[in-house]
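*Asks:* Build the full structure now, drawing on both the sequences and the hints.
Residue numbering for the sequence shown follows the numbering used here, beginning at 9 and increasing consecutively.
Take the hints with a grain of salt, since some may be wrong.
Mimicking EDC-like on lysine to aspartate or glutamate, the simulated pairs with C-alpha atoms at most 16 Å apart in a straight line are [said to hold, decoys possible]:
| hint | residue 1 | residue 2 |
| --- | --- | --- |
| 1 | Lys75 | Glu328 |
| 2 | Lys177 | Glu284 |
| 3 | Lys215 | Glu114 |
| 4 | Lys145 | Glu202 |
| 5 | Lys82 | Glu202 |
| 6 | Lys177 | Glu76 |
| 7 | Lys177 | Glu216 |
| 8 | Lys82 | Asp287 |
| 9 | Lys177 | Asp77 |
| 10 | Lys82 | Glu284 |
| 11 | Lys145 | Asp77 |
| 12 | Lys145 | Glu76 |
Simulated from the structure, these hints should not be mistaken for laboratory data. Because the structure is a prediction, the values reported are computed rather than measured.
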Amino acid sequence: MRAASTVNNISVQVLATGLGLTGSVLQARWLGPDNRGLLALVMLYPSLAYLVLNFGIFASTTYLSSKEDTNIGKLWSALLVLCGIQTIIAFSIGRLLIAWLLNRYETDTILLSQHFLITVPLALLAAYAQSILRGRKHFAINNALKLIIPIGYCLITSVLYINNTMSVKLLVYSQIVLQFCTCVASMVVLLRYEVIQLSGRVFIEIKELLSYGARLWLSEMTEVVNGRLDQIMIGSYLNTATLGIYNIAVSYANLSTILANGVRQIMLPYVSATQEQTDKHTEVYLFFNRFWPLSLLQLVCMLVGAAYLVPVLFGEAYREAILPAQMLSIVFLFLNAKNVLSTALQGLGKPGETATVDTVGLGLTLLLMTYLNSALTLWTIVLILGVVYLVQFIVTLYYISINGLITRRLLFQFKLSLFIHANFKWLRQS
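*Replies:* Okay, structure coming up:
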């Protein structure tokens, strides 16, 4: 069950990323670096608002819903209340911040980004419903819901490309429509799989969600800001063409997150649901000992493939993105490993330690960005990310070790023959 769920989840990640990559390729070829960067900029701040405003509730919802004694009706009622509060914050503060942060761009760009804020409540509701489904181990239907936006966006992008009507505005509004469809579908599926009786007395549930989520929120917020600060700096101090090149490099490096995200989403409910600490450790070893060698193999493939895939897929205009894509692939090796181990810490009941790791990362990023601000280039940002993610990986390993897990066993103790056999069986069970 564990292996099959993990492989199925990774398969969905692969399909979703492949569809997203197809759309990204068509956008890059049609829009060019300048408009591709503009599209990323329009979506950047609303997406950042969605990630910052979740208050750590995604993980706390999965954690609480995985427990057998949790009242799902009260939990969902609490989530609806919290979503209402988050929506008010997003619309009231988000519009003002976007107008301020994008003041050097045209009015149409600012308005388009403000319109995209409507995706915040839609995405939150969909994510909450999917978090409950994941916590209750309805992995198959949860994976299907994840494909609505990638499939729809790929189809819409293809139609616009064929008809020569692709534009930044149409792509933004198509995302809004798809997010609405995902939200409705997620709630319908939740009502189909779980008995939901809404309740007005949800103070305890809200307290539990925020209590667990607050310990994660600082970690998630710093991770989000740290992960988006590079694009914010490029959009603010450089130009949209450079942002377009960088965005393609990041898109290529992001392919490496498929494996990590697939493992993380299955890992958390399994580790959280295990009662004994030694059994929790065993679960962590089982997941990470398969993830780590595969991620090293994946890195080699990505380094070799970048020189061919980037210009072939995205066009000759993006040849400058090859070397940044290769460097970011190395950087993302440490980021992905850190994220998987952080998920292990959450499952062990130590979300505060992941917050410390990400706070260290954000502080180091801000320090380096400030120090190197006068010499800020695309390469400076890649260097900063490399230093930050390596330090975070080392700090996460330290926290893993003080929680009783042996880092040497996680990173080095596996036999090649056993690794090949175990992973072949793991993949075959999909």
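*Asks:* Report the numbers of all earlier hints that the structure fails to satisfy, in ascending order.
*Replies:* 1, 2, 3, 6, 7, 8, 9, 10
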